[in-house]
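Assemble chain E onto chain L, guided by the hints.
Listed here are the chains, written in short residue letters.
There are 2 protein chains.
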Amino acid sequence: MGRWQPDSRGRLQEAALALYSERGFDQTTAAQIAARAGLTERTFFRHFSDKREVLFGGSALLQERIVAGVAGAPLADGPLDAVGCGLAAAAAMLGEFRRDLSRQRHVVIAANPELRERELAKLADYAAAVAEALHQRGVGEPQASLAAEAGMTVLRVAVERWSSGGDDRDLADVMRDSMAGLRAVAGGG
Amino acid sequence: MGRWQPDSRGRLQEAALALYSERGFDQTTAAQIAARAGLTERTFFRHFSDKREVLFGGSALLQERIVAGVAGAPLADGPLDAVGCGLAAAAAMLGEFRRDLSRQRHVVIAANPELRERELAKLADYAAAVAEALHQRGVGEPQASLAAEAGMTVLRVAVERWSSGGDDRDLADVMRDSMAGLRAVAGGG
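Protein chains in written order, with my numbering: chain L, 1 to 189; chain E, 190 to 378.
This is chain L alone, in the form it adopts within the complex (with noise of 0.2 Å):
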């Protein structure tokens, strides 16, 4: 925090959550934002189009992401390890962010109602997105909905473990774990 940035977006995204934290999502506007980045309101918007899509432009990325590691998982792997070379992918980018802003990000939009639901709509497209990439494979339904959705409940899981500090290990390999646990849980009843 307050350590000097070369990237305006970075920057942004820092003061952003810095500001959602402290004063709330729906106090703040985009001009504090800017302000506290020591940047023009016009570089904000020339990075995002508005407040949220600090919280959300890398959404539509991740999950070309994720659907790029299902289609490419080998041909011999069943529904959810198809499912885990997505998440795999996800980790790869996720994991490059700072934890300590994941967490903020996490916090913000579990505080606002209105987040909370984009989050969990964005989560919902992604299995929507490995449903039909796991058609695209030749899995039927309703395995390929079970096996893309168990995988985003994986993905959620595991952030919040990785971003909490519940977890000090890399996000890849609490993915892995978490995506451990839900086979022991499915298996072992």
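Just so you know, these hints were derived from the structure itself, not from any lab.
Do not rely on the hints blindly, as some may be mistaken.
Coverage of chain L stretches by chain E, computed from C-beta distances (three or more under 8 Å per stretch; other residues unrestricted) [unchecked claim]:
1. 77–83
2. 115–122
Not close to chain L: a few residues of chain E, all C-beta gaps over 10 Å, as computed [said to hold, decoys possible]:
3. ASP196
4. GLY199
5. GLY213
6. ASP215
7. ALA224
8. THR229
9. PHE245
10. LEU250
11. GLN252
12. GLY261
13. LEU264
14. LEU269
15. ASP289
16. ARG305
17. GLY327
18. ASP362
Fair warning: this is a prediction, and the values are worked out from it, not measured in the lab.
Ideal Cβ positions, reconstructed from N, Cα and C, are used throughout, including at glycine.
Just chain E now, with coordinates in the frame of chain L:
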């Protein structure tokens, strides 16, 4: 549709779902719903706080039933078996609704982003309540969250299959079958 029903609440629900389907949720007013049901607007508001309540009014009771099912599961049951007891309770309640109305409800919600986000938030609330019930049974994290959320996936997929007519059996059977599907997907890779 249109056949005589003794209860005002049921007539209002049926009228509301018909109008939401025909005109869209946003274009329908409480007055129109009451008129369609042959009742007064005052009667509408005696049963529902607003037109969204028609779609989500049963959710508190449903959550209560699910949690009671989990809490009442045999002590020897593992986490996902306990969740299965909660889902059986949900199936007993939801299975009493007419399948065509359940289908209409699903289509109306799917067509409206705000309603869809609300529905996902309800499912997330059920999952959080179920995870808490599992904690009370001594289940730790992340097992409790994984089992709870996987269970809500099973619920969603089963209700969708049942109401869409993709499966002729009772909701309770479709629910058991979806749970078996999840176990197969998670166990078989």
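Point to revise | Unmet hints by their number, sorted upward, for this structure | key: Failing hints, ascending: 14 and 16.
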